[in-house]
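Based on these hints, arrange chain B on the given structure of chain R.
Here the protein sequences line up with chains R and B, keeping their order.
Under our numbering, the first residue of the first sequence is numbered 30, with each subsequent residue one higher.
Under our numbering, the first residue of the second sequence is numbered 43, with each subsequent residue one higher.
What the hints contain is simulated information worked out from the structure, not anything from laboratory work.
In this text, a Cβ means the ideal position worked out from N, Cα and C, and glycines have one as well.
Where hints are given, some of them may not hold.
Computed cross-link-like contacts, SDA-like style, restricted to lysine to any residue with a CA-CA straight-line distance of at most 25 angstroms [as the list claims (entries may be wrong)]:
| no. | chain 1 | residue 1 | chain 2 | residue 2 |
| --- | --- | --- | --- | --- |
| 1 | B | K410 | R | R260 |
| 2 | R | K168 | B | P268 |
| 3 | R | K168 | B | Q260 |
| 4 | B | K410 | R | V235 |
| 5 | B | K75 | R | Y271 |
| 6 | B | K410 | R | K168 |
| 7 | R | K168 | B | R254 |
| 8 | B | K75 | B | N107 |
Ranges of calculated distance between the beta carbons of each label pair, as one might list FRET restraints [stated by the list, open to error]:
| no. | chain 1 | residue 1 | chain 2 | residue 2 | range |
| --- | --- | --- | --- | --- | --- |
| 9 | B | G259 | R | D291 | 47 to 55 angstroms |
| 10 | R | Q144 | B | D197 | 54 to 62 angstroms |
| 11 | R | N268 | B | P440 | 26 to 34 angstroms |
| 12 | R | R265 | B | A518 | 27 to 35 angstroms |
Partner residues aside, some chain B positions facing chain R, computed with beta carbon under 7 angstroms [to be verified]:
| no. | residue |
| --- | --- |
| 13 | D95 |
| 14 | S213 |
| 15 | N225 |
| 16 | D229 |
| 17 | N231 |
| 18 | S405 |
| 19 | L476 |
| 20 | A479 |
| 21 | T480 |
| 22 | T542 |
| 23 | S575 |
| 24 | L580 |
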Amino acid sequence: MPPIRPSRRDFLSIASTSAAGLLLARPHAAIGQMVGGSAPFADYRALVCVFLFGGNDSFNMLVPRSTAEYDAYAAARQNLAVARDQLLPIAPTISDGADYGVHPSMPGLQTLFEQGQAAFVANVGPLIEPTTKAQYEAKNVLLPPQLFSHNDQQDQWHSLRGRTISETGWAGRMADLIRVNVAGQQLATNVSLAGNTLFQSGGDTVAYSMGATGPTQFAGFGPAGRELEQRRAFERIINAPYDSIYARAFAEVQRRAVEAADRVTAAINQLPPPSTVFPTSPLGQQLQTVARLIAVRSELAMKRQVFFVSTGGFDSHDDQLVNQPNLLGNISACLAAFHAATVELGVAGAVTTFTQSDFGRTLTSNGDGTDHAWGGVQVVVGQAVRGRRIFGRYPSLALNGPDDVGGGRMIPAVSADQYAATLARWFGIGDAELASVAPNIGNFNERDLGFMV
Amino acid sequence: MLLAACGGSSGGGSSAAVPTPAPAAPPPTGITKPEAFRFLNQATMGATTAEADRVIAMGYEAWINDQLARPASLELPNLQAVQPPPQNSGDLHRNRVDMWFRNAVTGQDQLRQRVAFAWSEIMVVSQVGALANLPYAVASYQDLLARQGLGNFRDLMESVTLHPAMGVYLSMLGNQRPNAAANIRPDENYARELMQLFTVGLVELNLDGTPRLDGAGQPIPTYSQPVIEGFAHVYTGWTYAGAPSFGQARPTPANQVVPMQLYASFHDPGPKLVLGGVTIPAGQTGAQDLDAALDSIFTHPNVGPFIAQRLIQRLVASNPSPAYVSRVAQRFNDNGRGGRGDLAAVVTAILLDPEARGPSTASTGKLKEPLLRLTQLWRAYNGHAANGSFAAFANPGPFLGQGPLQAGSVFNFFGPDYAPPGEIRALGLVAPELEIATEYQNTQLTNRLRTYAFRNSRTAGLTPEDIVIDLDAEVAVANDASALATLVADKLLAGQVSTTLRTEIVNLVGRYGTTAADAPNRAAQAIYSVVTSPEYALQP
Numbered sequence: 030m031p032p033i034r035p036s037r038r039d040f041l042s043i044a045s046t047s048a049a050g051l052l053l054a055r056p057h058a059a060i061g062q063m064v065g066g067s068a069p070f071a072d073y074r075a076l077v078c079v080f081l082f083g084g085n086d087s088f089n090m091l092v093p094r095s096t097a098e099y100d101a102y103a104a105a106r107q108n109l110a111v112a113r114d115q116l117l118p119i120a121p122t123i124s125d126g127a128d129y130g131v132h133p134s135m136p137g138l139q140t141l142f143e144q145g146q147a148a149f150v151a152n153v154g155p156l157i158e159p160t161t162k163a164q165y166e167a168k169n170v171l172l173p174p175q176l177f178s179h180n181d182q183q184d185q186w187h188s189l190r191g192r193t194i195s196e197t198g199w200a201g202r203m204a205d206l207i208r209v210n211v212a213g214q215q216l217a218t219n220v221s222l223a224g225n226t227l228f229q230s231g232g233d234t235v236a237y238s239m240g241a242t243g244p245t246q247f248a249g250f251g252p253a254g255r256e257l258e259q260r261r262a263f264e265r266i267i268n269a270p271y272d273s274i275y276a277r278a279f280a281e282v283q284r285r286a287v288e289a290a291d292r293v294t295a296a297i298n299q300l301p302p303p304s305t306v307f308p309t310s311p312l313g314q315q316l317q318t319v320a321r322l323i324a325v326r327s328e329l330a331m332k333r334q335v336f337f338v339s340t341g342g343f344d345s346h347d348d349q350l351v352n353q354p355n356l357l358g359n360i361s362a363c364l365a366a367f368h369a370a371t372v373e374l375g376v377a378g379a380v381t382t383f384t385q386s387d388f389g390r391t392l393t394s395n396g397d398g399t400d401h402a403w404g405g406v407q408v409v410v411g412q413a414v415r416g417r418r419i420f421g422r423y424p425s426l427a428l429n430g431p432d433d434v435g436g437g438r439m440i441p442a443v444s445a446d447q448y449a450a451t452l453a454r455w456f457g458i459g460d461a462e463l464a465s466v467a468p469n470i471g472n473f474n475e476r477d478l479g480f481m482v
Numbered sequence: 043m044l045l046a047a048c049g050g051s052s053g054g055g056s057s058a059a060v061p062t063p064a065p066a067a068p069p070p071t072g073i074t075k076p077e078a079f080r081f082l083n084q085a086t087m088g089a090t091t092a093e094a095d096r097v098i099a100m101g102y103e104a105w106i107n108d109q110l111a112r113p114a115s116l117e118l119p120n121l122q123a124v125q126p127p128p129q130n131s132g133d134l135h136r137n138r139v140d141m142w143f144r145n146a147v148t149g150q151d152q153l154r155q156r157v158a159f160a161w162s163e164i165m166v167v168s169q170v171g172a173l174a175n176l177p178y179a180v181a182s183y184q185d186l187l188a189r190q191g192l193g194n195f196r197d198l199m200e201s202v203t204l205h206p207a208m209g210v211y212l213s214m215l216g217n218q219r220p221n222a223a224a225n226i227r228p229d230e231n232y233a234r235e236l237m238q239l240f241t242v243g244l245v246e247l248n249l250d251g252t253p254r255l256d257g258a259g260q261p262i263p264t265y266s267q268p269v270i271e272g273f274a275h276v277y278t279g280w281t282y283a284g285a286p287s288f289g290q291a292r293p294t295p296a297n298q299v300v301p302m303q304l305y306a307s308f309h310d311p312g313p314k315l316v317l318g319g320v321t322i323p324a325g326q327t328g329a330q331d332l333d334a335a336l337d338s339i340f341t342h343p344n345v346g347p348f349i350a351q352r353l354i355q356r357l358v359a360s361n362p363s364p365a366y367v368s369r370v371a372q373r374f375n376d377n378g379r380g381g382r383g384d385l386a387a388v389v390t391a392i393l394l395d396p397e398a399r400g401p402s403t404a405s406t407g408k409l410k411e412p413l414l415r416l417t418q419l420w421r422a423y424n425g426h427a428a429n430g431s432f433a434a435f436a437n438p439g440p441f442l443g444q445g446p447l448q449a450g451s452v453f454n455f456f457g458p459d460y461a462p463p464g465e466i467r468a469l470g471l472v473a474p475e476l477e478i479a480t481e482y483q484n485t486q487l488t489n490r491l492r493t494y495a496f497r498n499s500r501t502a503g504l505t506p507e508d509i510v511i512d513l514d515a516e517v518a519v520a521n522d523a524s525a526l527a528t529l530v531a532d533k534l535l536a537g538q539v540s541t542t543l544r545t546e547i548v549n550l551v552g553r554y555g556t557t558a559a560d561a562p563n564r565a566a567q568a569i570y571s572v573v574t575s576p577e578y579a580l581q582p
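So here's chain R without its partners, still in its complex pose:
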């Protein structure tokens, strides 16, 4: 059975080892008063979300190796199964009775896991409340709308909105909650290296977006003479009043861009990049830039950061056997490099990296690929992670088994809300505020899945 620690004990252990980080983080009260109770965070912490766009076929990423479980896996997956002897074995410190291995293209992840620097959260996905197959079939359980649809399920992971409309994401709401505790930060709590995302959209706070290799500066905006006048003129133009809401919104982005580009660029250039070698893939580039930003956290007075990076191509309806090794291999190499960089920077315990993805994929094949499903496996990396463990519950992969709603679509055993809440607590969100980060958390007994130390 899956090892899930009592969350009460977990809470106490965190409080005793890291009192400042947790106990000072009472943003709810602070926001209510706006004066007093708004002490800044004493330490630095960062969450790095690696979003795997398209829906990662994660039951080929973490695969059972013991005979009975592997046979069920192989029977379901047929031509898409990874050969048993190809799997890279792992040895969790607490067993659920089965043996596991990771996809052969992921030696970096295998090593991180075996070193206790990574954990898996098995069969996690959007839920509104605990859901069994019987309830699903009887339609007497609340479900997230539009299961199996890319953008709707991405939105669920980003926003945890359930059946209500939400235009904020859970990282955006965290930034809202802690904004007085990070008042001196010179950069937004949320930084995206992969475009606008609902995940980081706050009610009161706005994410800052930069490119894979960092921010870019405006050409022709110099410090003196005509170039300075050019910049000033540009600023006056974007600061002028506009009748149209679209012109105003565009000008607003331009204002943030002009305002932050120089400062962030100057900060990031203060230090050479970490010597850790990153893969040259876009994800590798993004994570290298995140490492550079973390390196200059003090220069920018950062106390809490959430970074969003992403990689795509996971919608493997076709040619899965050809493409999956590259996709998973890239994740593995990038996570390993990024973790090594945080070790090099001395922040491995202050930086937690985690994956999210649209959904898991059907265990059954459509010939040479898979279709949209529901629950899947996610990875959490960092020194603050209770590593070498599989949290949640790895499902039965038997077709038409207790976890399958059809075609090998797994009902999540634990919810995206629980996954997010666990990370949010580590980040410094207090128990009282957890429900505003993860709105459905009250429907689940385990508010904390226990994968953070």
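Only chain B this time, still in chain R's reference frame:
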């Protein structure tokens, strides 16, 4: 290639000497230049003074009808004409994007090009991903949209469905009947996205585009997973035409530009649940199944409001009123002659609607996409390279956040429901184009517009590939900053320039010298200030 009848205003040019009576002068349309610009920024790849003059002379409806009669400017014949054919897919895609820009900047079928661009952002395929090695297919798909984008929606939907570009992109190509022994079932990709993104959407709609609600106030899903599976079974048995066998089908330059072919033994023969409660009976051919399945979509009441909303958003307004959507959806449902899905009638209704032609307010209109900001500049200032090609800008993505048929996924560069934080979201409104207007992307775009504003035909050291603009008229008045500002604002904003922007232009231009060498830079400075301004970014 194209070069259809030019101008169109003379009426002369017939061979015989038969004297034709001079047509009576048309009544004055009363259209102002700003009004014509507003219309043309909805209906073309960028307003120009010359086209505005035609609109003012002809009136909106006559201009639309003239455009509807024009043949489509195409890409594929030009790609195929290159001898010897490039073997490298990247080179071929470069030629494809070159042709896309040529047609956008100089094509005489501007309405077709703009509507094809809209469709390319609704029924998305992309060079990025599985089509990277199928450039002919992508060019051919664009041509399909240009040819059929103003035809009938049922035909468009069928052509899109059977096009190999879509077949590869959403994996209907090669999709085969189930094999229970191997747990293999049909691919659900195209089944899902054709409905979700291209035709009916996720929830049932009223005629005005608002969601229908059930008794509990919840939206009603348009279809269920079994319906997706039904369509997935419909779309079995199709792959490249003329292949030696279903399993041996491989792309060639020839077969990637013609409709996919049915290989009957790979088509599922069973009954299939589709939309509207229809079950297609067992034992039909794949072609019969496809007809029945597409009919079940085409006749679904959602299609009118769904397509109306999508096309209005691409052409005219981020936030059309329900009444506007309803008027256009009605025209989709009945073109006035009993015809359903008449896209020429739908686009005409979109462009002539009082909400498109009436006064602008704070929330009418939309933000111009980066590509359209650039094509408007190039149309107004004769953007071109000495070698005639736009291939130097074949990968605009890093600079614009978008490129011709280069979206990151079938969800397009931005989504129809994107609501930026702040005022727009607080009002419950959306602004799709703002999804890619990040700090980073705006800076990249601003810098790229700077490059193309300053690089002109007088710039020293140009290569034949460099894309430049022509500044002759501006250079002639360059030393009169006020006259220069007036001229540039006239060409890019129909003269509707804010006092702030005009003042800043005059001031900045005055920072340059007044030698002959300074003149192009003075002109470029004025253009740069306009094309990076919020008022130019707005499509009112």
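Right, here's what the structure says about each hint:
1. A hinted pair counts as satisfied when its Cα atoms are at most 25 angstroms apart, and K410/B with R260/R qualifies at roughly 23 angstroms.
2. Distance hint between K168/R and P268/B is fulfilled; the C-alpha atoms sit about 15 angstroms from each other, no more than 25 angstroms.
3. Proposed proximity of K168/R and Q260/B is supported: the alpha carbons are some 15 angstroms apart, at most 25 angstroms.
4. With a CA separation close to 23 angstroms, the supplied pair K410/B and V235/R stays within the 25 angstroms bound.
5. Between K75/B and Y271/R the CA atoms are separated by roughly 21 angstroms; this keeps the pair inside 25 angstroms, and the hint holds.
6. About 44 angstroms separates the Cα atoms of K410/B and K168/R, which puts this hinted pair outside 25 angstroms; it is violated.
7. With a C-alpha separation of about 21 angstroms, the suggested pair K168/R and R254/B falls inside the 25 angstroms cut-off, and the hint holds.
8. This hinted pair checks out: K75/B and N107/B have alpha carbons roughly 20 angstroms apart, not beyond 25 angstroms.
9. For the pair G259/B and D291/R, the beta carbons lie near 50 angstroms from each other, so the given range of 47 to 55 angstroms is met.
10. Separated by about 60 angstroms at the C-beta atoms, Q144/R and D197/B satisfy the suggested range of 54 to 62 angstroms.
11. For the pair N268/R and P440/B, the supplied restraint of 26 to 34 angstroms holds, since their beta-carbon distance comes to about 28 angstroms.
12. Our hint of 27 to 35 angstroms for R265/R and A518/B holds, since their Cβ atoms are close to 28 angstroms apart.
13. Annotation: D95/B was flagged as interfacial toward chain R, and the flag is violated, the nearest CB pair being 26 angstroms apart, outside 7 angstroms.
14. For S213/B, the interface hint holds, since its Cβ comes within 7 angstroms of a Cβ in chain R; the closest pair sits about 4 angstroms apart.
15. A least Cβ separation of about 4 angstroms between N225/B and chain R falls short of the 7 angstroms threshold, and the interface hint therefore holds.
16. Restraint check, D229/B versus chain R: the minimum CB separation of about 4 angstroms is within 7 angstroms; hint holds.
17. The interface hint given for N231/B is met, as the beta carbon of that residue sits about 4 angstroms from the closest beta carbon of chain R, less than 7 angstroms.
18. Restraint check, S405/B versus chain R: the minimum CB separation of about 5 angstroms is within 7 angstroms; hint holds.
19. Hint status for L476/B: holds, given a least beta-carbon distance of 6 angstroms to chain R, under 7 angstroms.
20. Because the beta carbon of A479/B sits about 5 angstroms from the nearest beta carbon in chain R, less than 7 angstroms, this interface hint is met.
21. For T480/B, the interface hint holds, since its Cβ comes within 7 angstroms of a Cβ in chain R; the closest pair sits about 4 angstroms apart.
22. The closest approach between the C-beta of T542/B and any C-beta of chain R is roughly 4 angstroms, which is under the 7 angstroms cut-off, so the hint is satisfied.
23. Among the interface hints, the one on S575/B holds; its C-beta lies about 6 angstroms from the nearest C-beta in chain R, closer than the 7 angstroms criterion.
24. Interface hint at L580/B: satisfied, since its Cβ lies 4 angstroms from the closest Cβ of chain R, which is below the 7 angstroms cut-off.
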